[in-house]
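Take the sequence shown: its letter number 185 is residue 927 in the working numbering, and every next letter is one higher.
The hints are simulated quantities; they were obtained by calculation from the structure and are not laboratory data. You may find that some hints are simply not true.
[As the list claims (entries may be wrong)] Okay, the calculated beta carbon distance ranges per label pair:
#, residue 1, residue 2, range
1, LEU881, ASP1057, 49 to 57 angstroms
2, ARG782, SER1151, 48 to 56 angstroms
3, LEU1131, GLU1005, 47 to 55 angstroms
4, GLY1053, SER781, 33 to 41 angstroms
5, THR975, GLY830, 34 to 42 angstroms
6, MET743, ASN904, 24 to 32 angstroms
For every residue, glycine included, the Cβ atom is placed at its ideal position computed from N, Cα and C.
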Amino acid sequence: MVDVLLIQPPFPPSGEVQARDVVLCPPLGLGYIASFLASRGFTVRILDCAILNMGVDEASLEVKRLEPKILGFSVATPGYKNALKIAGEAKKFNEEVATVFGGPHVTFAAEEAVKREEVDFVVRQEGEETMLELAEALLRRSRRIEEIEGLSYRRGNRAVHNPPRLLREDLDSLPFPERRSLPLRLYKVPASLITTRGCPYKCIFCSAGAMSGGKYRVRSPGNVLAEVKHMLTFMEPDFFFIADDTFTIIPERMRKLCKGFKELEVKWVCAARANLVNREMLKEMAESGCFSVQFGAESGSQRILNSIRKGITVDQVRKGVKWCAELGIKPVCSFMIPHPEDTKETIEETKRLMEELKGLGAQLFVSFTTPFPGTFLYDHAEELGVKFLTRDTDKFNLTTPVIETKNLSLEEIEEAFDELAAISIETFPKELDR
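All chains, full assembly: derive it from the sequences and hints.
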């Protein structure tokens, strides 16, 4: 029996793609909650169903075996239905188990979620402190549910939403996320870490800004490097993946981190905004062990970039890729279609840019634009001329088209996607150069 079992639910397969194929990293959000609860004396386990290729039935049996008092789920949109199924099965085994849903999907769909009988509580936004206070209320009777900020729950047939919780400013005071109990050998990128939280930008397709209230918070370079050193005590990773939404915002912080990475002689990769890098910064990154940078290019049309509030220019993408290639950093660029204002002509611009970046040595990815709850695109779809083809959350996986736009039919979208995907596939290496 454990106090708390934290689950990353199975993702529904998409065609021939299995969950394990798309899960690159350990679930760091659950890792942070696990270590935070453990530091306060609770027994906690993490079950990553996706990396274990564990289906709903198998996961439900594992829940029965572990007998948790609190069952928590990290819920992204495509895993929502499977989380509900496991929670429902858990309540058949034990009516007293408290089911808690957190993550981006239910943060923005809390009203709907807590009205379901499978869901007892929803933790909105970041989860460490809210989960701790909930565990104290349920297992130690030391708090009142009504006083826990950031919590939603049900009273009769009514959804109750407690006031929001102020986001933690001091990230250095959090214990490092739990990793050692996870099957690290199964992850393609086991050595991942988060050095910042939040995003100050307001791209219409992304919920990161809404999850953080637009607040950008950073860990100190010393704290980040201490975590890297800690990870090196129990793993020998080929490289470290910095899983931040926006990593390169503060140049002085970047310089200190680069100095530390260089001293530790580690390899690392990250994502960056094209408007927040320059050749000097990238040179320093390369010299400190960075061998790949991913840019969210999104579109080859400046008009489209402006319409989605991306805050970058096509030329900045070109320069970022060119600089990376010159400095020995593998550039990676991601694109998506259809944006609300996309036309056949703007997609041709995207196609031309992808061909150009391919010629510069970039690896390219393309996905279907997917309006997730919490995004401006989701909330304002109708006024943007976007029509949902389905509301089935299983389909919100970036590889299945779920919208049509005012300018493009489903057939036109799929045809354009196939053309862009063909360019993308040509850039795939047999394995990422290191």
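Numbered hints the structure breaks, given as an ascending list
Violated hints: none; all satisfied.
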